[in-house]
Amino acid sequence: MFYSDGVNLMDSKILAAALFLPLFPLSILFNVLFEGLRKPLPRIVVLLAWPQIGAWLLQEANSAPPDWAVHLALSTSLLYGFRALVLRELTHWISFLAISSWSLLWLIVGFFDNTEALHLLALGVSLPLAILTLLGGQLEKKFGASYAGLYNGLGHAMPRFSGVFVFTILAILATPVFPGFTTMTAAFLEVTKASLAGSIMLCLIWLTWGWAGSRLIQGFIIGKEHHEEIEDISSGLTWLYALILTGLAAFGIFTLGQLS
Amino acid sequence: MSLTLGEKLKVRSMIHVAAEPVPFFWPMRSFIHHNPLHGLEDLPFDKATEKGSEIFHARAFLPRSSYQAYLAENRVDQAKIDTLLEDFIEQEDLPGTIDGLAWCRQLLYQEQTPLSKSDPLLSASKIQAALTGEAPPEVEVDLEDLRKGLHDQLLGERPLGEAIDDLFGSKITADLNELVVKSCLDFYDEGQSVWKMPMREQGFFNAWKKLAQRNIRFTLLGLRFQSILEADGTAEGTIIHVLRTLGIEQEHWAGYFTRELAQLHGWSGFIRWREQAKDYHFSKIFPGDLVDFVAVRMTLALALIQAHGRRGLASTVGEIEDMINDRTEDAFLRCEFHKRRVLPTMAHKLDVAISRSNDDLIRITFAEYTKSKSIELAKQQALRLRKLARAIDQEEQLAALDVPDLEKLLKVLAKVERQEGMFWLRGMEQYAMQQLGKQLNLAPAPKRDERPFAQALFCIDTRSERLRRNLESIGDYQTFGIAGFFGVPVSFIELGKGSETHLCPVILTPKNVVLEITTDTLSEEQDTLTTLDKALHGLKESVVSPFVTVEAIGLLFGLEMIGKTLAPKGYSKWRNKLINSEKPETLLLLDKLDKEQAESILQTVQRALIIKGVKHELHLAADQISDEIVQGLRETAMGLNDHTSSLATLLKIEPARLDALIKHLREDYRINREFADGQMDQLGRIGFTLDEQANFVATALSAIGLTENFARFVIITGHGSFTDNNPYESALDCGACGGNHGLVSARVIAQMANRAQVRSRVRKMGITIPEDVCFIPALHNTTTDEVKLHDLDRIPPSHLFYLDWLRKGLTGASHLAAQERLPSLSETHAETAIDAFHIAQRNSTDWSQVRPEWGLSRNCYFIIGRRELTRHHSLDGRSFLQSYDYRIDPKRRLLESILTGPLVVGQWINMEHYFSAVDNEQFGSGSKVYHNVAGKFGVMTGNQSDLRTGLPAQTVLKNGKPFHQPVRLMTLIEAPIEHAQLAIEAVSSVRNLVRNEWIRMMVIDPETGMIHTYEAGHWEARPLDVSHSETAKTQVV
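Chains as they are written, first to last, in my numbering: chain R, 395 to 654; chain A, 30 to 1066.
Hints listed in this document are in silico derivations from the structure and should not be mistaken for laboratory results. Predicted model only: the values in this text are computed from it and were never measured. Heads up, some of the hints might be wrong.
Short, incomplete list of chain A residues facing chain R, as computed with Cβ under 10 Å [said to hold, decoys possible]:
(1) A108
(2) R369
(3) P373
Below, simulated BS3-like cross-link-like pairs (lysine-lysine); rule was C-alpha separation at most 30 Å, straight line [unchecked claim]:
(4) K467(A) - K444(A)
(5) K535(R) - K400(A)
(6) K536(R) - K416(A)
(7) K618(R) - K313(A)
(8) K536(R) - K225(A)
(9) K437(A) - K618(R)
(10) K618(R) - K368(A)
(11) K408(A) - K618(R)
(12) K146(A) - K200(A)
(13) K440(A) - K76(A)
(14) K536(R) - K200(A)
(15) K225(A) - K368(A)
(16) K378(A) - K618(R)
Just so it is clear, CB atoms sit at the ideal spot from N, CA and C, and this is done for glycine as well.
Extracted from the complex, chain A is given alone in its bound form (with noise of 0.2 Å):
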C-alpha cells in the first residue's frame, strides 16, 4: 500500500483535528494550569462538560452528596436553585396531580444518590405494577431495540478494543495502554533513564517499529507486527492500513482518532504541546508527533486484537455486527456480566451461560434474566418513588398515576437529575456573588496629603491578597495588583545556563531576551561540590551501582534521610550551607546592543573559543596564544582573510595540519559566518530600547493606576514557592511568568523603572515619578510567605535609614498572613503569628510534606478595579486583584489587555481548580503519595500510568472532601457598563469565554451604583444593595 501525499495529509489533518479536545500538557518544569476542556471552550459550559465527561470518561460536577453538604453549610443560594428548578419544571409536561418543583426539590435536596437509571429493561408499566402490588406484566424484550442498543453502545467511534472488552472480558484497552506508555517512555525520556532507546532521532514511529519486531516482550504477548509494519513503511500509512483491516469506516475516523487519543490524554496533551513547542530542545532532537503516537498506538491496538482473535472469537467490526445481529441475547448477556450492570444474585448463572457459550443455555438464562432484572429493577425504583412521594406527601397522587403520567414523571426526573450540576453550580455562584456583592465598598480613596511611606506591586494571584490585607493594616502602605510579569513579557537566560526561559502567560511569545552577568566567578569549591553531588545521584540512578554504593555510601544518605525527616528546617540550612553557596550578585543586561557592542561581543565570544580550541588541538598555553594568531585564525575560519602562510610559521606547524585545525574551528567551534550570523540575530533580541522600556514601565503604572503621589519605596514584588522533594513545584509559582518565580521580571521592571532616561521618557507621556523614588525588587515565598528584598546595593544612601523599617512591616505582614493560612493547612497549633511562621517554614524545608501550602485552591474571584473596592474586608485568599481605574483608561486599552491576559490565565487556573476538584482522578492528577516522575518532565501514579495531568489530590481535596469549591471564576470589573461592554465585546476570547460561561462576569458600575451580571445570555442589573437583602433570604434545609 503506497498512499499519495493527498492521503497523507488528510490523515495528518484528522489527527490534528481530532487532537483538539485534548488539552496540552506542558512539562512539569514550568507546570501552566490550563482547562482540562479548552479544546471545547467553543461550546458553552453546560455542553462542553456533557462532551467531555464524554470523550474523558470523567465526572463534570460533585456528587450530589457533596453539593448538599455545602447546603446544609450554607454555602450555597438555595432560592436560585429554586427559581431554576421553577422555570424547569414549567416547561415540562407533567401529569396535573403531580407537584413537580417538590418532587424535584425533594429529589436533590434530600436523596444522596441519583434515582434514574437508564436502562433497557426497565419499564413504567412494570414500575407501575410494582407501585400498585399487581404482578408484572408480561413484556416480552424486544430484541430490535437490544441490537440497536448495542450497535449505539459497541461500534461506530468506539475504539474496537474497548467494544471486545465489553463483549468477552478481555483487558485489551488496558493492555495497550500500559504497551502505548512503555514505548512513550522509552521514546519521550529526557534524560531519567540510564539506557536509552537507540534511534531516537529518526522518530517516534520510526525508532519503534524497528525495536517492535525485536521486542521480546511483545513476541512473548504473541503479538506479530510484521505484516502490519511491512504494510505501509509510513506512520500514515500504518494508520489508514489498521483502520481497514480492523473495518473502520472512514466517517468515524475522526472520532476514533479523539477516543483513542483520549485514553491516554496525559501523553497525546504532551506530544500534542511538543509537536508545537518547535523550540522545545528535545523535540528539535528526537521528533515525535502526534501521527507517531497514534500509528505506535494503532499498531499495537491491531496487533493486541489479531493475538485475541486468534482464539477464534470476534475481532473486526464485521464480525461484532454479526454477532450482536445473530447473537443478540449473548451479546447482551456478555456486555450485562462484564459491564458489571449484572443483577448480583444472577452474576454465577451469566457467568456460566457465557463461558459454556452453548446456544440453548443462553436463551434460556436471556429470558430468565430479563426477567428478574426487569422486575427487581421496577421494584428498587418503585420502593425509590414511594419513599420521594411519602417525604412531600404525594403518596397517593403516585400511585394513582397510569403507565403514561407516570412515563412523564420518570422522564422529567431523569431530566433534571442531566441538568441537576448546573443547578447546584449557579447555585453556589449566586452566593459566593452575594458574598462579594456585601464587601464592596464604591466610596472613592480619602485625599491624603502626604505620599505613603511604601507602596508594593503583588502579583494579581490569590495568594498575594492575604499579604497585601496585613501589609496595609500594620502601616502606611498602599498595595496594588499587576500580573506577576508586570506587563514586560521576557525570555530569561539565567546565569551558567544556556536555555531561555520565558516569563509571561504562556500565550505571550516574548521577542526581547534578558541575560544574567555577574562580575564574580563562580568558585572551585562550589564547582567540586556540585559535581559531587551529580555524582552521588547518578550512582543512585545507575542500575548496577546501587548494589555496591548502598554498602560503600548508603550510610551518608542514611544521614541526609535523618536530617531532613527529624529536622528539615536545620538541616536544610546546614546543607544549603556546605553545597549550595549563595548565587553571586548578578545583573540583568536589559539594554539593547548596537551594531558594534553586538559585534564585539560576539568576537570576543569567538576570540575565547578559538583561544580554547587552540589549547585543546595543539596542547599550547594559553601564553602562547598570541593575539595576532587568534585573530588571524578568526578571519581565516570566518572566510574574511587568509592568513594560513603566517599563521602556519607563528604556530610552527605544517599546512595540512593548520587546515585541519580550521576545519576544526569552523564545525566543531562554529567559528563561521553563517553562525556568526545566527549570533548577530540573537544579539540583536538582547535588551529593550529606551523607549521600550519607557512604554513598559508607563504602561505597567497606568494598568494599576499609579500615577501620581509615588512613595519613597516602591517594591515590586514577584512570587515563588519554595518546597523539598515536590514534582508540583513549579504548580505553586508564577503562572504569569510562565509556570517560574516572578523575581527576574520583577528586578527587569525596577532596573527600567529606576533609570533616569527611563523616567524621563515616562515624564513625557505624562507620569512623574519622583527623582526619590525607589522601585525594588523582591520575592514572595508563598510557601512561607517571607517577603525578602533583592538588588539592595542600588538603593541610594539616603534610603537606607528607612529600610529597616520597611524590612520590620514586611515581616510582620509575613508572619500574619501566615498565621491566617496556617489553621486550614495544618494540624499543629501556632500560638503566635511567629509560631505560624516557623511552621510554614518547617512545611517548605520538610520532603515528607505532601500539602506545602495550598497554591491557589479556592480561588473564586477575579477582580479588576481599585484597591478601595475591596481594601476593608478579607477575601480569604480567594481573589486575583488586578488595580485598574478606569478614569484613566479611556480607550479602555488597558482593560482590555487585563482581559486578553491576566484574565484569561485566570480562567485557566480556575477551571484547572475546577475540574480537578470535582474529578481528581480524571481530570486531576490523583494522590501525590503514588506518584513517580516520568522521563524528567510528568508524573505517572506508580511505575506506570497514563502522563497525570492536573492538580493532585492533596491541592484540592482535604481529607477526601473538596477543599477547593468548585465555581467558575466571577469576575467583576469595576467601570461604567458601556465601558466593560465594550472591552469584553472588544476582546474575542474573552467575549467567547462570557458568552459561553466559562467565566461569571460582573460589572459594578460606581456612577450609577448598579451591579451588571452576565446571565443566561444577557446582562442583568440591580442596585448593589439589593444583593445584600437577597444574602438574608438564603435559607439552611
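Isolated chain R, as found in the complex (with noise of 0.2 Å):
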C-alpha cells in the first residue's frame, strides 16, 4: 500500500482530479478533447491548463490519495506510454504522453511540504508537451500533416527545426535537468518505499518513453536528404525555443534540488 487507508474512495475532488490529472478510463474524455481541436493555440491551453486543475483538485481534496487511484495512475501511465510506441501522428503522440506523465504527479501529491510545488512540476511537465505542439503545427502547415514517417530526413532538410525537435523530446522523456526528470525521480523515491512492482513499473514506463521518443526521432528526422528545398526555422525563432528549453532545464535543475 502506498498510503494510508481511511479515506473516501468516492471523493468527488478526487473524481475530478482523475479526469484532470487524467486517469484511464477518464482519459478517454481528454483524448477526445484534445484531439477534436484542430489548432495549435487551443491545444497548448489545454496542455497547460489542464493538469493546473487536477493538481488544484488533489489539493483542495485535502487528503493523500487513495491506492486505487495511485495504482490505477501507474497503470494509466504505462498503458499510454505503451500505447505510445506505435503511435505516428503527433498530436495523439502528445495526447498519450501528457496522460502518461500527468499520471505520475498523483504518486508525488505528499512528496513536496509547499503547495506549488505540484502545480510547478505539472507546468514543467506541460511545457515541452506545449513546444511540441507548436512544432508539431509548423509541421501541419508545411506538410499537410505531422506524421511520422511520411517524410522523414528532416534533420538534413531543416536542421535547426530538428534541434530544438529533439531537444523537446528530450525534455518530454524526462531526461535529467528537465523538470520530467524531477517528477520521475520524485516519484522514484515515493514508491521505492512502498513496493518493489511499482518501481519495476516505473522503470517500464520511462523505458516506453525512450522508446516511443526514440521511433519519433526516427520517423521525422533521421532518413535520406530531401531533394527540394524545405524551408528552416527562423535562426530568431531557434534562439526563442532555445531559449524557453534553457529556462526549462535551469527550472529543472531548481527542482530537483527541492527533492533534497
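Assemble the dimeric complex from its two separately framed chains, guided by the hints.
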C-alpha cells in the first residue's frame, strides 16, 4: 500500500482530479477533447491549464490519494506510454504522453511540503509538450500533417527545427535536468519506499517513453536527404526555443534541488 | 529434389548473366576506378542510365536545382539546350495556342522541382476543373487499372520481400540485407576478425548452411531453415526450391536474380570479381561464388518470408496475386501508406483502416481517400501550371484548353522532364567543349637549336597537368604525358613479399615478373620494431585484451593520438625515423634468366630450405651440415639419385629417421620434382629479353613523340599518394598501375632505357638515344606535389653538376602546383608557394584529414596530341594529357593502343566520378566520416552495410554540392579526321563507347583546322575558330 487507508473512495474532488490528471478510463475524455482541437493554440492552452486544474483539485481534496487511484495512475501511465510506441501522428503522441506524464503527479502529491511544487512540476511537464505542439503545428502547415515516417530526413532539410525538436522530445522523456526528470525521480523515491512492483512499473514507463521518443525522432529526423528545398525555422525563432528550453532545464535543476 | 547437371548449369549461367549489370568491386588495397554501369555499356548512355537507375534505385543525373546553379554560374551552354528543346518540341503534338518551347524553358530554367507526377489518381479532367474553378467531375476509380498497376508494381521480377514490405510495412528487405551482410562479413573476412568462421574451405554456401541451423540469432528471429536446406543440399537446388516455393515464374528468374544482386551490389560486385580472379589468394582457399551468394540470400529470404507468413499474411506470389485481385482497395491503400505516397492529411485514417482490416472500413476509407487525393493532386498541379503559364504570359491559353489538349500538354511536360538530364548534360558538355576549343593551339612547336635542359615523362593523370605546366614555366623543360605504367605491364614482387602485384591497367594481364632484390639485409632492430608494432595492433583487435591493455599501454596510444592530432607533420617524421627506417637500396631483376641461371637459382633456394629443414628436424648447427649432405638430401628428395645409405652415415641417424626427414623435405619444404617444375616455370616468367626491353622503350618513346633531340636528363615520373588513416589511399594512386604507386614502373622503364644493349637495339628501330642521356625514375607525390628522384646512384658523375639545378626546378614546380591547388582544398590561406607546400605536406600526414587531396575530381578532358596543343593554357588539372604525334604513327598502331588502354581507363575514372557525383549515396560511398573498414578489403557505412563502392562524398562534393562537374569524358584527338576515325573503328570497345556516347569524341584536324565532333550518331565538322564565337553566345539566365 502506498498511502494510509481510511479516505473516502468516492471523494468527488479526487474523482474530478482523475479527469484533469487523467486516469483511465476518464483519460478517454481528455483524448477526445485534445484531438478534437484543430489549432495548436487551443491545444497549448489545454496542455498548460488541464493539469493545473487537476493539481489544484488534488490539493483541495486535502487528503492523500487513495491506493486505488495511485495504482490506477501507474497503470494509466504505463498503458499510455506503451500505446505511444506505435503512434505516428504527433497530436496523438502528445496527447498520450501528456496523460502518461500527468498520471505520475498522483504519486508525488505528498512528496513536497509546499503546495506550489505540484503546480510547478505540472507546468514543467506540460511546457515541452506545448512546445512540441507548436512544432507539430509548423509541420502541419508545411506538409499537411505531422506524421512520423511520411517525410523523414528533416535532420538534413531543417537542421534548426530538428535540433529544437530533438531537445523538446528529450525534455518530454524526463531526461536529466528537465522538470520531467524531477517528477520521475520524486515518483521513484516515493514508490520505492512502498513497493518493488511499483518501481518496476516506473522503470517500464520510463523505458516506453524513451522508446516511443526515439521512434518519433527516427520517423521525423533520421532518413535520406530531401532533394527539394524546405524552409527551416528562422534563427531568431530557434534562439527563442533554445531560450525556453534552457529556462526549462534551469527550472528542472531548481526543482531537483527541492527533492532533498 | 535432385537436379540434373543440365539444370544446375542452367541456374549457374542464369545467375552469371543476371550479374552482368553489377560492376566488379576490387579490394580497396588496389582501388580500381570503374564505371558503375559498365555492364550496360552496350546500350546508349541515355538508355543505360534509365535502366541503371531502375536496377540500382539510383539517380543518373543531378537534381534540376544543381544544373540551374551551373547555369547561373555560366557553366552551361543554354543555347545548346534551347536547340535541343526546339528539336524536341518540333516532334511533339501540342495545341496550337501553346508555346511549347517557352513552357519547357520556364520549367527547366526556373522551376526547381519537377512538375509531372505519376499517380493513378491524377487525371487531366480534374486538373482542368481545378484550373477553371469548376467542381471536380465525379470519376469512379477504375479498379481494373489499379489492379494492373499493382501487378506491375509488386510482382514479376520484383523480389517478393520488397512486395511484402510495400503491402504490410514489414522490414523483410532490410532484415534480409542485414543478415546477408553479416554472413558475407563472416565468410569473406581476410584477417580482420579475431574469431574466424569455421569450415570456410568448404565454400560459402556449404559452410554457411552448416552454421545456419545452429545460429542462435536466426532461431531468435524465428527463422527455420531445416526444410529449406533439406530440400536439396546444393546451392543450385536450394535456389530452385526457394523460387518454386515462392511461386516465381521461370521467365522472371533471371530478372529476379539481377534485382536480388543489385540490393547489395557492393558485395555482389566483390564476389563477382573474386570469382573470376582465379589467382586471388583468398579466392583459392575460401571459394565462394555468386551462386553461393544467391543461395544464401534466397534461403534467408524464404525463411524471413515464411516467418512473416506464419502470422497469417500473404507470403507467396499466388497469395499476393489473390490479394490484389480480391482486395484491390486494401492492397492499394496499403501501398499508398507504406510507400509514403499517402496524402498527409489522411495518413492517420489510412493507418487505422489498414490496421483494422475491416472490409467496410476499407471500402469507405478508399472512397474518401481516392476522392480527396485526386482533388488535392489536381489542385496542386493546377496551381503549378498556372504559375508556369503566368510567367510566360500563357495563362489565358492554359485556361482555354479542353481536357484532351491539357492532357497533351501534360504529356509533353512529363516527357521533357524525363529527358531533361540529357539536355542539361549536353548543355554542360557543349560549354566544356567550347572552353577547350578556346585553348587549342594548332601552330607547330618552334624549332630549337639546343637540346632542352631536361625532359620529363609524366602519367596522363589529370594531377600531372599542373605540375607539368609549372615545370615548363620555370625553366627549359619539356614534358610528355604517357600512361603511368609506361607501356610495360609488370607483375611485381616487392622485396620481402611473396605475392605478385600487377602494375598495369586491370584490362591487361602482365606476362613478365619483376623481382625486387637488395644486397642489404633487414636489420635486427627493424625486425624487432616491426614485431612490436604488429603486437600492439594485435592487442587492439583481440576480444579480451583491450580491457587489460588500455590500463597498461593505453597511454602509449594516447601519446600517439596527441602527436598525430596536434603536430601531424613533426610526429610523422619522428615516428618514421623510429619505426620504419628507410627501405634499403634495391635493384630490379629485369633480365630474362636462361635455363642454367634458373636452375642455379632454384638449387640455391632448395639448398637454403634443406639447411633450414635439417636444422629444425635434427637440431644440427649450420656448420654441421656439409655441402655433401645438402646435395645428397636434395638429389634424394627430388628423386634424382638415392643417397640414403651414405646420408644415414653422414648424419649419424637411423634409416627410419632419415626416411622421415626426406618425407618432411618433400612434403613440408616442397623439395620435390613437381614443385620444382612449377618453380622453374615461375622463374621463366622473371624478366624481359633484350628485344622485349628495346621494344618497350622504343614504343613508349614513339607513342609520345620523343624520338629525337633528347635532353641530358629524361625524368620518368610515376605517381602515388601518401595519406594517413585513409582506406581510399589507393584510389588516389595510379590507375594505369592497377591502383598502385607508379615508381616501380618508372624504375623498370628507366633501367631498361639506360642499358647500352637496349639503346643499340632501339637505334636500329630508328630512335637514337645519345650516350649521355640519363633516364632517372621519380615519384610524384600527388598529395603534396613533391617530386622525388630515385636510383640516383646510377647517374654518371658528369651529370652530378646539373643535379642540383634539376632538383631546384622540380621543387619550384612542386611549390607552385601546391599553391594552385590549395584554395579549393583548404580554408587556410597560404601567403607563398612554400607555405602552400607545407600545408599540403601537413594534409598528407594528418590522420583526421578526410580530404587530403581532390584526386581526379573535376576530370573532364582526355587530350591525345602534342603538348603544344594546350601548353600555353591552364587546364586547371582537369585533363588527362596523352602525348601523341600522328606524324610518326602512319599505321595508327600507337593511337590504337592509346585508345585501347589509357582512354578506356580514363573513361572508367570519368564515369566513376560522374556517378559518384550525381548520386553519392547509391553510386558513391557516402561520407567518409561514417566509414569502417570491412574484412580488410572494403569499407562499410557504420557497423554494417553494403560494401561501399564508388567514391566518398569528400572526393566529389564540397559543402554538399558537386565539386566534380559530372560530364562525360571529352576526348580530343589531334590527327587528320580519317586517321582518327580509322583508329576508333579499329578498336571495337572504344568504337562502342563513342557510338553509345559514353565518351564524347572530338578530333582536331591540324591539316584542315577543322574540329570534328561526334554528335547524336554522326560527325559534325566546324572550323576551330567558330567554337570561339559560339562561346560568346552563351548567356546567363
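Results of checking the hints against the structure:
1. For A108(A), the interface hint is violated, the least distance from its beta-carbon to any beta-carbon of chain R being 27 Å, above 10 Å.
2. With 10 Å as the threshold, the beta carbon of R369(A) comes within range of chain R, its nearest partner Cβ sitting at about 6 Å, so the hint holds.
3. With 10 Å as the threshold, the beta carbon of P373(A) comes within range of chain R, its nearest partner Cβ sitting at about 3 Å, so the hint holds.
4. Of the pairs offered as hints, the one joining K467(A) and K444(A) is violated, with about 35 Å between alpha carbons and a cut-off of 30 Å exceeded.
5. Distance restraint check for K535(R) and K400(A): the Cα-Cα separation of roughly 22 Å lies within the 30 Å cut-off, and the hinted pair is therefore satisfied.
6. Using a Cα cut-off of 30 Å, the hinted pair K536(R) and K416(A) holds, with the two alpha carbons roughly 19 Å apart.
7. With a C-alpha separation of about 39 Å, the suggested pair K618(R) and K313(A) falls outside the 30 Å cut-off, and the hint is violated.
8. For a cut-off of 30 Å, the pair hint linking K536(R) to K225(A) is broken: about 52 Å separates their Cα positions.
9. Proposed proximity of K437(A) and K618(R) is contradicted: the alpha carbons are some 34 Å apart, above 30 Å.
10. A hinted pair counts as satisfied when its Cα atoms are at most 30 Å apart, and K618(R) with K368(A) qualifies at roughly 14 Å.
11. Note on K408(A) and K618(R): the hinted pairing holds, with a Cα-Cα distance of about 28 Å set against a maximum of 30 Å.
12. At most 30 Å may separate the alpha-carbon atoms for a hinted pair to count; K146(A) and K200(A) meet this at roughly 27 Å.
13. About 20 Å separates the Cα atoms of K440(A) and K76(A), which keeps this hinted pair within 30 Å; it holds.
14. As the CA atoms of K536(R) and K200(A) are separated by approximately 28 Å, the hinted pair is consistent with the 30 Å bound.
15. The hinted pair formed by K225(A) and K368(A) fails the criterion: a straight-line CA distance of about 39 Å is larger than 30 Å.
16. Of the supplied pair hints, the one linking K378(A) and K618(R) holds, its CA atoms being roughly 25 Å apart against a limit of 30 Å.
Taken one by one, the earlier hints fail for this structure at numbers 1, 4, 7, 8, 9, 15, listed in ascending order.
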